[in-house]
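*Asks:* Here is how the chains run, residue by residue.
There are 2 protein chains.
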Amino acid sequence: MTQSLWINGQQQSQIDVRDRGFAYGDGIFETVQVLHGKAQLLERHVRRMKEGAQRLGLLSSSVDQLLAELRLIELPDEAVLKLTLSRGVGGRGYTYDSTAGGTRVVMLTPKPTYGDQAESGICLRVCDTRLGLNPALAGIKHLNRLEQVLARNEWSDPAIHEGVVLDYEGYIAEGTMSNLFWVKDQCIYTPRLDRCGVAGVVRDFLVERFSQAGADLKVGLYELASLRDADEVFICNSLIDVWPVRQFEDVSYQSGPVTQRAMQYLVEEYQA
Amino acid sequence: MTQSLWINGQQQSQIDVRDRGFAYGDGIFETVQVLHGKAQLLERHVRRMKEGAQRLGLLSSSVDQLLAELRLIELPDEAVLKLTLSRGVGGRGYTYDSTAGGTRVVMLTPKPTYGDQAESGICLRVCDTRLGLNPALAGIKHLNRLEQVLARNEWSDPAIHEGVVLDYEGYIAEGTMSNLFWVKDQCIYTPRLDRCGVAGVVRDFLVERFSQAGADLKVGLYELASLRDADEVFICNSLIDVWPVRQFEDVSYQSGPVTQRAMQYLVEEYQA
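These protein sequence lines are chains D and R, in that order. All you need for my numbering is the position in the first sequence, starting with 1, plus 483. All you need for my numbering is the position in the second sequence, starting with 1, plus 483.
So here's chain D without its partners, still in its complex pose:
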């Protein structure tokens, strides 16, 4: 498949340069994995999008309209589906028109070809770039992603797959493009995301599944020492699913049973 783009339901690739998405990063997006011809975990993506819309004052009905437009598109067997809702053109300066429907974008691109990271694990580094604390924006997958852009471009070594990003106070927040989990003495840990960071859909799914299964799971503020001290570490997002961490600085980990269970939860979900 090649790339396909729809803007406000029309197959096209250009937007007005005065769009507030371009001017201010004023909007939200989702990156969804299409597998077995289905947009996986779509209800969770929609839930996050609606929460983001509500918190930013975007119209919830625009999310519905975007979904209606998506339903008219025949999905390939495998692809990356990106959904974007910006505030569109309008308003003066930072003031927006709260009745404007915004700009809706559906983009389908081929799924990237990954290596054997899911089997052999990845190398993780720590980024110098930190995330500012802002509860008003925390968790939302909004279009203000300069912190992630800076963090991701700190390294170019292809042997390093992801960077841990700390918050302004030095607590672990997330990866540049993923969320983090680790295990110590059977307990599963993942950072709080109500002060900064993106509350990932796969993270949300895994927290729910682990909790339903009665696992001991803690969400909190953790320092790097707890990551170094872990028995297992893995990262997740909607495209890579789950990748075990093999190496973090001078610490090596084995892909253990919790990581395997996380992978299995996703396999089951995708086959459902």
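Read the hints as simulated data drawn from the structure, not as lab findings. It is possible that some hints are incorrect.
Which copy is meant is left open, so a pair is good if it fits within one copy or across any two.
[To be verified] Derived DSBU-like pairs (lysine-lysine); straight-line CA-CA distance at most 30 Å:
1. K624 <-> K565
2. K594 <-> K624
3. K521 <-> K624
4. K624 <-> K533
5. K667 <-> K594
6. K594 <-> K701
7. K594 <-> K565
8. K667 <-> K533
9. K565 <-> K521
10. K521 <-> K667
11. K667 <-> K565
12. K594 <-> K521
13. K667 <-> K701
14. K565 <-> K533
Once you've looked at the hints, dock chain R against the given chain D.
*Replies:* Just chain R, lined up with the frame of chain D:
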């Protein structure tokens, strides 16, 4: 005059929806006042743009190219000139192509019609939205402006002209679209902007002029109490120039000699 738009030197109004300016707010901009047919304080705008480009890893030569394109455009007597440089289309995910020239936008719009704020002064409020602390982005006029969008849209009362925005720790940062100065016992105060906020071009100009004139000027971290306790308060930006603050919560101020001097510095600069 009507609106005029140039993208990469061509008169047009559409950009590729995959532009990283739209996807991540990955870029910088300047809002310049055109007065007497001249882009005022342009050297300072260019200096900030170059510093922003350098800190975000955008090509400095793209700023030069944008300026070359601007020089081909005949400026009206009065207008708002907006210059934007985004990272353009390219790269995978957050990773960017460090050799890409980006997207350059020149936009001319009519100058907004303000009332008599410069004479009679404005009403100021405090915003609930706070600015996350991030020295890596502080000062830059980048395209990640959701904090300002949220802060500005907290109120709709047209009698209130601006909101004070505090940083995450509760110190005064700036206005939603302006910088702040105040005076107490002949000393001029303005907040530090190396932790968050936008280092305004007019602020920069005024700090320089006041300092050259031997004024007592302090740049630091200040709480709201110091604003309430001030003898004079004013806000500034590249379009409004200087507006005295008449009312802040239950405190009233007179437009005093320092505010008048700030206005006068700009009048002299614009006539030069």
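*Asks:* Give a verdict on every hint.
*Replies:* Here is what the structure says about each hint:
1. Proximity of K624 to K565 under the C-alpha cut-off of 30 Å is found in both arrangements, the shortest distances being 12 Å within a copy and 27 Å between copies.
2. In the homo-oligomer, the alpha carbons of K594 and K624 lie at most 30 Å apart inside one protomer (20 Å), although the nearest pairing across protomers, at 34 Å, exceeds that limit.
3. Taking the shortest Cα distances, K521 and K624 sit within 30 Å of each other inside one copy (22 Å), while across copies they are farther apart (40 Å).
4. Both within a single protomer and between protomers do K624 and K533 lie at most 30 Å apart by alpha-carbon distance, with minima of 11 Å and 29 Å respectively.
5. Taking the shortest alpha-carbon separations for K667 and K594, neither the intra-copy value of 33 Å nor the inter-copy value of 61 Å comes in at or below 30 Å.
6. In the homo-oligomer, the alpha carbons of K594 and K701 never lie at most 30 Å apart, since the shortest distance is 32 Å inside one protomer and 54 Å across protomers.
7. In this assembly of identical chains, the alpha carbons of K594 and K565 lie at most 30 Å apart only when taken from the same copy (11 Å versus 37 Å across copies).
8. In this homomeric assembly, K667 and K533 never come within 30 Å of each other (Cα to Cα): the closest approach is 34 Å inside a single copy and 47 Å across copies.
9. Proximity of K565 and K521 under a CA criterion of 30 Å is satisfied intra-copy only: 14 Å inside one chain copy versus 43 Å between copies.
10. In this assembly of identical chains, K521 and K667 lie within 30 Å of each other by CA distance neither inside one copy nor across copies; the values are 35 Å within and 64 Å between.
11. Within a single copy, K667 and K565 get their C-alpha atoms no closer than 35 Å, and across copies no closer than 53 Å, so neither meets the 30 Å cut-off.
12. Within a single copy, K594 and K521 get their C-alpha atoms as close as 13 Å, which meets the 30 Å cut-off; across copies the closest is 50 Å, which misses it.
13. Taking CA atoms no more than 30 Å apart as the test, K667 paired with K701 passes inside one copy only; the shortest distance there is 11 Å, against 50 Å between copies.
14. For the homomeric pair K565 and K533, the shortest alpha-carbon distance inside one copy (15 Å) is at most 30 Å, but the shortest distance between copies (32 Å) is not.
Comparing the model with each numbered hint stated earlier shows that hints 5, 6, 8, 10, 11 do not hold.
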